[in-house]
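Peer 1: What follows is the residue order along each chain.
2 protein chains.
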Amino acid sequence: MISSAEQTSPHSIYFIGAGNVATHLAKAFHRAGFRIAGIYSRTEASAHALACQVETDYTTALDEVKTDADIYVVSLADDALIHLIPQIAAGKGNALLVHTAGSIPMNVWQEHAVHYGVLYPLQTFSKQTEPDIRQTPFFVEGCSPDAVRLLKELASALSDAVYEADSTQRRMLHLAAVFACNFTNHLYALAEELLRQNCLPFDALLPLIDQTTQKIHRLSPAEAQTGPAARGDKQVMQTHEALLAGNPRMQALYRLISESITEHNTQNLCIK
Amino acid sequence: MISSAEQTSPHSIYFIGAGNVATHLAKAFHRAGFRIAGIYSRTEASAHALACQVETDYTTALDEVKTDADIYVVSLADDALIHLIPQIAAGKGNALLVHTAGSIPMNVWQEHAVHYGVLYPLQTFSKQTEPDIRQTPFFVEGCSPDAVRLLKELASALSDAVYEADSTQRRMLHLAAVFACNFTNHLYALAEELLRQNCLPFDALLPLIDQTTQKIHRLSPAEAQTGPAARGDKQVMQTHEALLAGNPRMQALYRLISESITEHNTQNLCIK
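First to last, the sequence lines map onto chains A and B. For what it's worth, our numbering labels the leading residue of the first sequence as 19, then goes sequentially. For what it's worth, our numbering labels the leading residue of the second sequence as 19, then goes sequentially.
Don't take each hint at face value.
Which copy? The list can't say, so a pair holds if one copy fits it or any two copies do.
Here are the simulated lysine-lysine pairs, DSBU-like style, with alpha carbons at most 35 Å apart [stated by the list, open to error]:
no. : residue 1 : residue 2
1   : Lys252    : Lys145
2   : Lys84     : Lys170
3   : Lys145    : Lys170
4   : Lys252    : Lys45
5   : Lys252    : Lys170
6   : Lys84     : Lys145
Since the hints were derived computationally from the structure, they do not count as laboratory data.
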């Protein structure tokens, strides 16, 4: 049976890279009915594994990458990407060349390609988990209105949340994601450490963490803010800082975040 | 029809306070078949609303609180609790008197009551949401083995996650919760601010935030750590710090949390 998606996706896509992002994107495009023209990875096992899953060929030599695909999606580590762009772009003519990196500007392609852009999925991809691509926000940037149109079409085939974002905005998205995900995860790690030192199970915090996350689906984080700093409870804050006396960095963090909460709360009160 | 819970719950519980914690606990005990002996709140509307929901009487005068209940659960703001304990305990004889506060030690009861303890639910309660009490961890502390036994029995009637914790541990739980919930929420607020300044929607971060939270149900936060600091990507960190030049406090936060991640990662590598 040929699905309607297969009938309406004339574009073929070649993947440069076979890591987590490339794997999830290639599988999603394959499921959406796109033809995957091939896979390149310098690691044969990764290239082979992904090629099998999306019914295509692979190569481990960059100069053997086919030149007749419509679109090349490049998902490599940032430094490899910068380094390999001239080789990747060579001989690809009018194909659309895109990378998927949050912090690399679009203009890295400028001197090497005619049609280029960025397809940035704002999600954390890992081998073990299968995130819901349909819910994953995609941010696209293109060198021309045609490139933007094609990138929006591609992203919309996978996701219901497609936005345009220039390179400055994308860099800010990446920075915001570091605060909202990498840094919050580290605060979970610090909480775990405090509990472990006092023979308490980290799992006991999970219902509270889940509730905190669910809350910001309904309220803005500024509205959802609670805790000693938000209510100006100086006595509890002093007790907490004293409890952290043996860990100067955690104590400094406690103070700095509390000050930041206090400052934001004051701003909010002034606005109201 | 009398449910088995009603048949097996001979204890009557009086609630001092009708705020969020008292409301959720009183309703949960009522559902579990306990008799709610009465409600005290100095705010008549709150006292009345809760009393209706749990089929009991209420009063707004502390000296009119009935003295024949088996258990008194006190859920007041920290400073009100400290201030009112002598009045609350007066004339309650052999009843079990407990408070529900994370950062108040059990011994605040010592000079005023014979049987006392703490029943601390580690959850954020608000009017709008109905958290799953059965999943909410309860930490109990009692002045005697009998008090501990009764508190465990009470907590187990509501929740599948009942632990013992002394006052020091409970204070640490509260501090850990500030890091894992209040502080993470503030990082969401900072991320929102960065995005808003760049005309980007905060909602775009929600799938990534959800994925981050789901991950620590399977991995320890230390194992789940990703991002520029975790992989030692100095170039991205420098770019991010430069982007925050206009906001010295956020820049200081970026640097301090990144240093803390780096330090923890180094420790983990040494252990492995």
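Peer 1: For each hint, tell me whether it holds in the structure or not.
Peer 2: Going through the hints against the structure:
Taking the shortest alpha-carbon separations for Lys252 and Lys145, only the inter-copy value of 25 Å comes in at or below 35 Å, while the best intra-copy value is 45 Å. Taking the shortest Cα distances, Lys84 and Lys170 sit within 35 Å of each other inside one copy (24 Å), while across copies they are farther apart (68 Å). Proximity of Lys145 to Lys170 under the C-alpha cut-off of 35 Å is restricted to the intra-copy arrangement: shortest distance 26 Å within a copy versus 42 Å between copies. In this assembly of identical chains, the alpha carbons of Lys252 and Lys45 lie at most 35 Å apart only when taken from different copies (32 Å versus 53 Å within one copy).
Taking the closest pair of Cα atoms, Lys252 and Lys170 come within 35 Å of each other only across two copies (32 Å); inside a single copy the shortest separation is 50 Å, beyond that limit. Taking the closest pair of Cα atoms, Lys84 and Lys145 come within 35 Å of each other only inside a single copy of the chain (27 Å); across copies the shortest separation is 60 Å, beyond that limit.
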